[in-house]
Every structure is written in structure tokens, then in C-alpha cells.
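Colleague: Input sequences plus hints: build the corresponding full structure.
My numbering puts the last residue of the sequence shown at 918; the count rises by one with no breaks.
No wet-lab data here; the hints were simulated from the structure.
For every residue, glycine included, the Cβ atom is placed at its ideal position computed from N, Cα and C.
A couple of the hints might just be wrong.
List of simulated lysine-lysine pairs, DSSO-like, C-alpha gap at most 27 Å [to be verified]:
id: 1; residue 1: Lys698; residue 2: Lys735
id: 2; residue 1: Lys769; residue 2: Lys724
id: 3; residue 1: Lys724; residue 2: Lys860
id: 4; residue 1: Lys840; residue 2: Lys854
id: 5; residue 1: Lys735; residue 2: Lys824
id: 6; residue 1: Lys904; residue 2: Lys698
id: 7; residue 1: Lys755; residue 2: Lys799
Label pairs and their computed distance ranges (CB to CB) [unchecked claim]:
id: 8; residue 1: Lys819; residue 2: Leu907; range: 39 to 47 Å
id: 9; residue 1: Asp853; residue 2: Ile887; range: 23 to 31 Å
id: 10; residue 1: Lys769; residue 2: Asp822; range: 38 to 46 Å
id: 11; residue 1: Lys824; residue 2: Ser891; range: 34 to 42 Å
id: 12; residue 1: Ser721; residue 2: Asn763; range: 25 to 33 Å
id: 13; residue 1: Asn881; residue 2: Thr704; range: 33 to 41 Å
id: 14; residue 1: Ser858; residue 2: Leu828; range: 14 to 22 Å
id: 15; residue 1: Ser858; residue 2: Ser759; range: 34 to 42 Å
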Amino acid sequence: MCGIFGLIVKPNSQITPKRVKSILFEIALLSESRGKDSSGIAIKSNKRQSIDIVKGDIPISTLLKGKSLKSIVNNAFEECKRGEGFTALGHARLVTNGSQLQEVNNQPVIKDDIVLIHNGIIVNVDELWEKNNDLKREYLIDTEVLPAMIRKGLNSGENLLMASDKAYQSVKGTFSVAIVFADRDEFMLSTNNGSLYYISDNSTFLVFASEEFYLKRLLNNNSLKKISSE
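Modeller: So, in C-alpha cells, the structure goes:
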């Protein structure tokens, strides 16, 4: 039972960096109850077309206080001020497979310029790697196979919907995932068990989490009300 969460703010939305930080940190701290074994946050720079990731075998509340994350977040907020938008994905992990003491097994997982966060268990992960023996497995964590298969589909000419659907259809187990790309201006939320919720005004922002309750908390405490003003 891991927790995934994230915040997408479109370019030129007029949402202040202070409000962005407030929402991101609040949804991150709420998600910690889903897993404290490890945590991670990925932040995409739309201007540089790159993704910075900070993760470790610590709870999300500790990760948020670290100097590495603060530096990345501050740089992202400067871009947000200039109207570049903001994209962040986060994960609070309850370990199932792959030791949290090895950073590569913690999330977000990055592979082939795809950053993916996953809540659930892929029970046929070994079978999927054997079936796709042209792909290279690098980690123990089951999540790795998803971006590998999606990139394989994209490289063969499929669009994101086709590539991801083919990957998901082959999975046995449960998943709720969020995906961003270093090389594509696309974002995707997917679930096969319904454990993924979001709030959006359909024009400027989207915030998502594994628990509907967390989003209701954001609404109840005014974090998402009058979002573009102070």
C-alpha cells in the first residue's frame, strides 16, 4: 500500500509559486501514511526538458527537509514565476520487492527517459521480462518493467495510448501509475483498481493522489480555493 501523488500546473497559469509549494508539500505529507519505508519526488523542468529526482530510504516528511530537494524545488519555482509551468510526481513507499536500501529500487523509477510512479504489485514481472527478452532488466523492483515496455511500444511507432494499453493488458496484479517523459510533452494517469483520484479545473492545474480523502482535505482547508491568488 504505497502512496502516489503529484501536481501539474500549466504554463502561464498565474498560480503563484507559494501556492504551488503549499499544495505539493501538503499532498506529500498526507501521502506519507501510505508508506514510510522510502520516498521520492521527481520534478520536470519544461524549459530544460529534463527531470530531477530526489529519493531515499526515508519518509517523505524527512525528504522534504533535505537540501537536495529544496534546491531543485526552488529552481522549479523560479521557472514557475516565469510562466514555465510546474510538474511534480511523488511516492511514499511501503516496500514489497526490491530493498529500499538500494536507491534504484525506490521510486520514482526512471528508465528510457520515462519517469513513473506505481502503487500496486505486478505479480508476473519475471514472466514479462522473459517475454520481452530484448529489454534489459536493471533493478529488482517490479515497476521497472512498465516504462521499459511502454518505451518499446513508442519506439515501434505506437502512440502513448496504444503503447501503455498494450503494457497494461499484459500485467497480472494491480497498478495505479503516473507517468511523465523527459522527451515528450505528455502526462498520463492510469489505474486498474480505482485507487487513484484527481482534482482539476481543466485549464490550469491537476493534483492527484492515492486517497480521495487527501484531496478532500486540500479542498476543506482552502489549499485549492482561489488557487491563483494569495
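Colleague: What hints, given by number in increasing order, does this structure fail?
Modeller: Result: hints 2, 5 break, sorted rising.
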